[in-house]
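**Student:** Based on the hints, put chain Z in the right spot on chain B.
Those protein sequences? They're chains B and Z, same order as listed. Anchor point for the first sequence: position 217 equals 217 in my numbering, and the numbering is continuous, going up by one each time. Anchor point for the second sequence: position 54 equals 54 in my numbering, and the numbering is continuous, going up by one each time.
Keep in mind that a hint or two might mislead.
Below, simulated SDA-like cross-link-like pairs (lysine to any residue); rule was C-alpha separation at most 25 Å, straight line [what the hints assert, rightly or not]: (1) B/261 - Z/61; (2) Z/20 - B/230; (3) B/261 - Z/59; (4) Z/20 - B/293; (5) B/175 - B/264; (6) Z/20 - B/199; (7) B/261 - Z/89; (8) B/175 - Z/13; (9) B/264 - Z/28; (10) Z/20 - Z/157; (11) B/264 - Z/179; (12) Z/20 - B/10; (13) B/261 - Z/176; (14) B/264 - B/285; (15) B/264 - B/288; (16) B/264 - Z/31; (17) Z/20 - Z/140; (18) B/264 - Z/20.
Now the in silico label distances, taken between C-beta atoms and shown as ranges [said to hold, decoys possible]: (19) B/167 - Z/22: 33 to 43 Å; (20) B/268 - Z/153: 46 to 56 Å; (21) Z/147 - B/245: 45 to 55 Å; (22) Z/20 - B/261: 15 to 25 Å; (23) Z/155 - B/8: 23 to 33 Å; (24) B/57 - Z/33: 42 to 52 Å; (25) Z/102 - B/67: 56 to 66 Å; (26) Z/20 - B/181: 49 to 59 Å; (27) Z/147 - B/38: 44 to 54 Å; (28) B/206 - Z/186: 27 to 37 Å; (29) B/179 - Z/102: 32 to 42 Å; (30) B/287 - Z/62: 30 to 40 Å; (31) B/62 - Z/102: 38 to 48 Å; (32) B/6 - Z/122: 22 to 32 Å.
Keep in mind the hints are simulated off the structure, nothing from the lab. No residue lacks a Cβ here, since even glycine has one placed at the ideal position from N, Cα and C.
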Amino acid sequence: MVDVLTGTDTVKAGHAQMLKGGVIMDVVTAEQARIAEEAGAVAVMALERVPADIRADGGVARMTDPSIICAIMDTVSIPVMAKVRIGHFVEAQILESLGVDYIDESEVLTPADEVHHVWKHDFKVPFVCGCRDLGEALRRISEGAAMIRTKGEAGTGDVVEAVRHMRAVQDNIRKLQTMPDDELVVEARDLGVSLDLLTQTRELGRLPTVNFAAGGVATPADAALMMQLGADGVFVGSGVFKSGDPAERGYAIVQAVTHYKDPKILAEVSKGLGEAMVGISTRSLPAEQLMAPRSI
Amino acid sequence: MEVGVLALQGDFAEHIAVLKRLGVTGREIRLPEQLENINGLIIPGGESTTLSRLMSIYSMREPIEQMSRQGKAIWGTCAGMIMVAQEITEEDPVPLKLMDIGVLRNGFGRQVDSFEQDLQVIDLGPAPFHGVFIRAPVITRVGREVKVMATLPDGQPVAVRQGNLLATSFHPELTADNRLHQYFLDLIPQESSPSA
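The shape of chain B in the complex, shown without the other chains (with noise of 0.2 Å):
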């Protein structure tokens, strides 16, 4: 008898692995999803409303309706994610009896539940969760997330809070690195940490599991740069589907991911890809309508 194992933590992980060095798209229809996979996505983000729809509309963000996300599952061949409120555990258990491939707990939706995230071990859908430094995405990987991505502002097109974040994870596991072990015990402890996941992300210097960049990618430069300061890959919101030619910009900013490091063809797929995203500058932006601090 050969043991058969599903939903394991090595299935979940290395699930997010093969997605590196690609860009996920945040879809509404099953027609834009289309479009995504056409364009070269990895897997697309099944929403009702895109972030920045979210954010002009103002209330409650809840998760898609299954026929929405069931309707983009039968059209596309590549993964399928979805948002759950965070701490919304039935939620998830409603994706997971869907068969998505992956669920973000997302602070782009109204929190469910200002203390507690899911507990994501109990799963056998992975799942990736949002971060602004270091603590927060080991915080979410000891709960069980098999992916992280920074938060960024998202719906946004202002790519200034996703480099900021980066910037943070990538900051506090340097200084890991020259930490003394004395030290490190304190670290662990103020970043309400376990000393052994702290001690196994020094080691590898870099986060335990695959680690996207999200929140205000809105063009091909913008992409690039979060991969040269060391993302795995992109989340990209509502800069596709918001700006003028969304299946030309969405196919630029795949090229931009892989190509990240050559700025000639950097140059060649920035050409002529119509209107970006408005957006809005963070900065414009009152401490009540950001989304990245709604969990800790």
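**Tutor:** Same frame as chain B, but now just chain Z:
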């Protein structure tokens, strides 16, 4: 020795890490000219639709097909296996048609069906090889020249070889077992002159 690892998208870094454990340098390949003087190429796991588009636009298909015609060693894992196949069940993506096998993408199901299982791989000795299958492709047809190296208990082939071509449904690069990478290195022709 330098081995090329196609780095358009996917888990190419994991393959390069295993090669490093075996004392071999893995060269990231994103453009056709980077294939120069390479006698072995690994096409990693990733999304085959993405790989297919990027291969086409950056003119990678012809030089890889030429490598295969010259008898150089090529190994596809998961999405890489889809790319080396002769035919796939769907119209998209477009494979390289290097190896006489048919493949069905995501043939074992979605991510919740991804699994781990020990395998017996012939030529690797009696110790089982731990197979990690992630949204893995299913081999639907095996040509006459193709040797089946491992199957699931129900007889489903999951590792195949045709001459210097190797394909696996699973991901040896996600384990600590170097044996399949060593096996692939042994397939790489040594005497090819760089100008050939």
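**Student:** Any hints this thing doesn't respect? Which numbers, in order?
**Tutor:** Failing hints, ascending: 4, 5, 7, 10, 11, 13, 14, 15, 17, 18, 25, 26, 27, 29 and 30.
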